[in-house]
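Colleague: Spelled out from the first residue to the last, the chains are:
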Amino acid sequence: MTTTVPAKPVTAVPAKHHRHPAVQRAQTRAAWILVTPFLVVFFAMFIVPLAYSAYLSTFTSQLVGGEVFSGIANYTRALNDPSFWEGLGRVALFLFIQVPIMLIAALFFALALDSARVRGGGTVRLLIFLPYAVPSVVAALMWGYLYGADFGLITQIFEGLGLSAPNLLNPSNVLGSTMNIVCWEFIGYNMIIMYAALRSVSADIYEAAEIDGAGQFRIAWSIKIPAIRQAIILTIIFSIIGSFQLFAEPNLLYNLAPNAIGNDFSPNLYAFNIAFKNQDVNYAAAIAFLLGLIIMIISYVVQTLINRKERSA
Amino acid sequence: MTLGALAVTAAMALAGCAPTGGGEAAPEGGATEPVTQEQIDEAMSADSKLTFWTWVPDIQKEVDLFEQTYPNIDVEVVNTTGGSQQYPKLRAAIKAGKGTPDVVQIEYQYISSFRQTENLLNLEPYGAGDMEGEFVDWVWNQVADDQGVWAIPQDSGPLGNLYRTDIWQAAGLTSAPETWDQFAEQAQAIRGTGAYISNMPGNDPGQMVGLFWQAGAKPFSYDGQETVSVNLDSEETQKVVSFWQELIQADLVSTDADFNDEWYQGLSRGKYASWQVAAWGPIFLQGTAANTSGLWQAAKIPQWQQGEDVSGNWGGSTSAVLNNSKNPIVAAEFAKFINTDREAALMLANEQFLFPTTTSILEDPEFTGLTSEFYGGQKVNEFFAGVSETVDPEFQWLPFMDYVYSSYNDTLGKAISDKGDMVGALAEWQTKVVDYAEQQGFTVE
Numbered sequence: 199m200t201t202t203v204p205a206k207p208v209t210a211v212p213a214k215h216h217r218h219p220a221v222q223r224a225q226t227r228a229a230w231i232l233v234t235p236f237l238v239v240f241f242a243m244f245i246v247p248l249a250y251s252a253y254l255s256t257f258t259s260q261l262v263g264g265e266v267f268s269g270i271a272n273y274t275r276a277l278n279d280p281s282f283w284e285g286l287g288r289v290a291l292f293l294f295i296q297v298p299i300m301l302i303a304a305l306f307f308a309l310a311l312d313s314a315r316v317r318g319g320g321t322v323r324l325l326i327f328l329p330y331a332v333p334s335v336v337a338a339l340m341w342g343y344l345y346g347a348d349f350g351l352i353t354q355i356f357e358g359l360g361l362s363a364p365n366l367l368n369p370s371n372v373l374g375s376t377m378n379i380v381c382w383e384f385i386g387y388n389m390i391i392m393y394a395a396l397r398s399v400s401a402d403i404y405e406a407a408e409i410d411g412a413g414q415f416r417i418a419w420s421i422k423i424p425a426i427r428q429a430i431i432l433t434i435i436f437s438i439i440g441s442f443q444l445f446a447e448p449n450l451l452y453n454l455a456p457n458a459i460g461n462d463f464s465p466n467l468y469a470f471n472i473a474f475k476n477q478d479v480n481y482a483a484a485i486a487f488l489l490g491l492i493i494m495i496i497s498y499v500v501q502t503l504i505n506r507k508e509r510s511a
Numbered sequence: 005m006t007l008g009a010l011a012v013t014a015a016m017a018l019a020g021c022a023p024t025g026g027g028e029a030a031p032e033g034g035a036t037e038p039v040t041q042e043q044i045d046e047a048m049s050a051d052s053k054l055t056f057w058t059w060v061p062d063i064q065k066e067v068d069l070f071e072q073t074y075p076n077i078d079v080e081v082v083n084t085t086g087g088s089q090q091y092p093k094l095r096a097a098i099k100a101g102k103g104t105p106d107v108v109q110i111e112y113q114y115i116s117s118f119r120q121t122e123n124l125l126n127l128e129p130y131g132a133g134d135m136e137g138e139f140v141d142w143v144w145n146q147v148a149d150d151q152g153v154w155a156i157p158q159d160s161g162p163l164g165n166l167y168r169t170d171i172w173q174a175a176g177l178t179s180a181p182e183t184w185d186q187f188a189e190q191a192q193a194i195r196g197t198g199a200y201i202s203n204m205p206g207n208d209p210g211q212m213v214g215l216f217w218q219a220g221a222k223p224f225s226y227d228g229q230e231t232v233s234v235n236l237d238s239e240e241t242q243k244v245v246s247f248w249q250e251l252i253q254a255d256l257v258s259t260d261a262d263f264n265d266e267w268y269q270g271l272s273r274g275k276y277a278s279w280q281v282a283a284w285g286p287i288f289l290q291g292t293a294a295n296t297s298g299l300w301q302a303a304k305i306p307q308w309q310q311g312e313d314v315s316g317n318w319g320g321s322t323s324a325v326l327n328n329s330k331n332p333i334v335a336a337e338f339a340k341f342i343n344t345d346r347e348a349a350l351m352l353a354n355e356q357f358l359f360p361t362t363t364s365i366l367e368d369p370e371f372t373g374l375t376s377e378f379y380g381g382q383k384v385n386e387f388f389a390g391v392s393e394t395v396d397p398e399f400q401w402l403p404f405m406d407y408v409y410s411s412y413n414d415t416l417g418k419a420i421s422d423k424g425d426m427v428g429a430l431a432e433w434q435t436k437v438v439d440y441a442e443q444q445g446f447t448v449e
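Going down the list, the protein sequences come from chains E and F.
My numbering puts the first residue of the first sequence at 199, with every later residue one more than the last.
My numbering puts the first residue of the second sequence at 5, with every later residue one more than the last.
These are computed hints drawn from the structure, not numbers from a lab.
No experiment lies behind these values; they were computed from the predicted model shown.
Keep in mind that the hints are not guaranteed to be accurate.
Taking lysine-lysine pairs in the BS3-like style, the calculated list, with each CA pair at most 27 Å apart, reads [stated by the list, open to error]:
#	chain 1	residue 1	chain 2	residue 2
1	F	LYS102	E	LYS475
2	F	LYS65	F	LYS340
3	F	LYS275	F	LYS423
4	E	LYS475	F	LYS423
5	F	LYS423	F	LYS93
6	F	LYS222	F	LYS423
7	F	LYS222	F	LYS304
8	F	LYS330	F	LYS304
9	F	LYS243	F	LYS423
10	F	LYS436	E	LYS475
11	F	LYS93	F	LYS340
12	F	LYS330	F	LYS65
13	E	LYS475	F	LYS222
14	F	LYS93	E	LYS475
15	F	LYS53	F	LYS93
Based on the sequences and whatever the hints tell you, model everything.
Modeller: Rendered as structure tokens:
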């Protein structure tokens, strides 16, 4: 770690092309035309709603008296709102437990499939990926059937073995049950990202390693994992963002365990309920913004840490 | 997962298209002088178009009857799938000032919410003022007050008690409980058979409030302006809650969340021996627990005092007209027609199984005369028609029941499902609702 690594050679800046100005103009125009559809949609569907939400979050609305400008009042309210912090704490816990399990499992499957030792690799890959394609309503029905405290499949298996079944939907277990669903859904998704990255590694390197006498595990550890480092970092960042934005799964489990999930299980669910049950769109906008800010900071910190480590490696 | 945040942002953008307060929306439209019969005739024969939001399945049949009677009027039915989906959509459309329906289904407990934001047309000048005698009195009190008539009742849910006669027999009991004391005694015997006498869900404030209603509690009131009173932690509500708390903590009543698959299974597999449910319950149960046909019977809801005969209400809807409707006369006539025209109302009762609110249908042999195999040949409609007469006539709601119900899940509901301190949670619920009311600018009395 302490050995000084020579700084990466600075890629020579290619000499400026002296193209004909008319050609350049035409190319610039073509580029803009090609990018325009994206920009229009991006602006209309992302920037405008975002700016509008920011605008909304600076008002306070009351059923009696209507809306008045209130500056940062909604933000200070959110910072003092125990429901917001509890939700944030819950998704942080979720992040530290669920994400490592999910990504390690995804990496394991990706490596296993890539080693070409699994028979029918294509089918297995599809099966692992399949949950990601299951509509959330179907998933909710399915997990409801599995988790049910009296007649659920898991309970029946436990009872069949003469054991007392845990209630997977009570307040102390429901976070774990949520983690399980998210793992089920997203292991396949992350696996595909990693697997695709593995496929792009040149086979020559493996051959060279084999000639040097490296076994499959050594190849995986010393060549494959470092080679797909960027893909793994990508899945980590996605998972961090996904964890903080946890919404669909608790929203689905709400029907099965309304009191264990409550209105404020995750910050996003809380914002949703504030907007639509409490009719307080302004406060919900403030919470959503605050959450976005926190996610940005954490993603930035994680990325910086990883990059720093990479540089010092 | 990431979609969630996007959905919230997008939906919020939809929900608040103009930051002008709902409370100070356009002044109430509509006529102040009674509309004359000539005006009505003229409007009903002219070409016009109405939009109707509802989640009643197959209501197109009743709408067809209307369109046959008034061929120049075209009614577009929009199925909004359910109240919890519809109200946010309706509020968003109202705020946006476009895309609002003319006629809309609204449950009784949400009428004051839309009155408070001044979006409902007062139907009194449109001939609804004279309709009082057509409806059961307590139902009429739900839609009308001294300031106006805010909707036309569609269906209601007087509370009764559906119980499994076979489980009762197995427990050595001969009849359904007449009082809550008997209910508690029988609970022991029923538990001996392995079943629970009943289930008290922690996610169904509607049922709990129905039980409060039956116990004579008056937890809410609203003056139609800016003053509310919240009385959720009263002698009567404490009586109800401590009663259930004892049964729950003694493991005589289960606390499963209702209206999900586990709970359906519980009904059909005999986990729950009875269900204290509204008049819409019998048909619902018939569909859910078809395998138990013939084993059920409908009885009166147990009483707090021996010899009394009081019920409460759980559920039911109305048809309201929004005051920005371009055709208020036609819209009002439509709301009246589908709910009170004999053929349409009978169809709602016998085909959509909406429990009727008009005295004429409640006495109509074509409704009351039906017997049900599922209930061992009992005339369930006739039975609940009798219950409807015993509902306590004075019950009001707050103009923000969404919050009252969602905070229930965090307080009393949570205590129920945790089998914890429910009476204490009642006080917590009260505090939350009062805080919210004050924060929303209401005067709390």
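Colleague: Hints first: check each against the structure and report whether it holds.
Modeller: Here's how the hints hold up against the structure:
1. Between LYS102 (chain F) and LYS475 (chain E) the CA atoms are separated by roughly 22 Å; this keeps the pair inside 27 Å, and the hint holds.
2. With a CA separation close to 16 Å, the supplied pair LYS65 (chain F) and LYS340 (chain F) stays within the 27 Å bound.
3. With a C-alpha separation of about 18 Å, the suggested pair LYS275 (chain F) and LYS423 (chain F) falls inside the 27 Å cut-off, and the hint holds.
4. Of the supplied pair hints, the one linking LYS475 (chain E) and LYS423 (chain F) holds, its CA atoms being roughly 25 Å apart against a limit of 27 Å.
5. Taking the CA atoms of LYS423 (chain F) and LYS93 (chain F), the gap is about 36 Å. The hint is violated against a cut of 27 Å.
6. Between LYS222 (chain F) and LYS423 (chain F) the alpha-carbon distance is near 25 Å, which keeps this suggested pair within the 27 Å criterion.
7. For a cut-off of 27 Å, the pair hint linking LYS222 (chain F) to LYS304 (chain F) stands: about 21 Å separates their Cα positions.
8. Annotation: proposed proximity of LYS330 (chain F) to LYS304 (chain F) is violated, straight-line Cα distance about 45 Å (limit 27 Å).
9. Between the alpha carbons of LYS243 (chain F) and LYS423 (chain F) the distance comes to roughly 17 Å, so the proposed pair stays at or under 27 Å and holds.
10. Annotation: proposed proximity of LYS436 (chain F) to LYS475 (chain E) holds, straight-line Cα distance about 14 Å (limit 27 Å).
11. A threshold of 27 Å between alpha carbons decides the hint, and for LYS93 (chain F) with LYS340 (chain F) the separation of about 24 Å falls inside it, so the pair holds.
12. For the given pair, LYS330 (chain F) sits about 24 Å from LYS65 (chain F) by alpha-carbon distance, which is consistent with the 27 Å threshold.
13. Annotation: proposed proximity of LYS475 (chain E) to LYS222 (chain F) holds, straight-line Cα distance about 23 Å (limit 27 Å).
14. Distance restraint check for LYS93 (chain F) and LYS475 (chain E): the Cα-Cα separation of roughly 12 Å lies within the 27 Å cut-off, and the hinted pair is therefore satisfied.
15. As the CA atoms of LYS53 (chain F) and LYS93 (chain F) are separated by approximately 21 Å, the hinted pair is consistent with the 27 Å bound.
Checked against the numbered hints given earlier, this structure breaks hints 5, 8; the rest are met.
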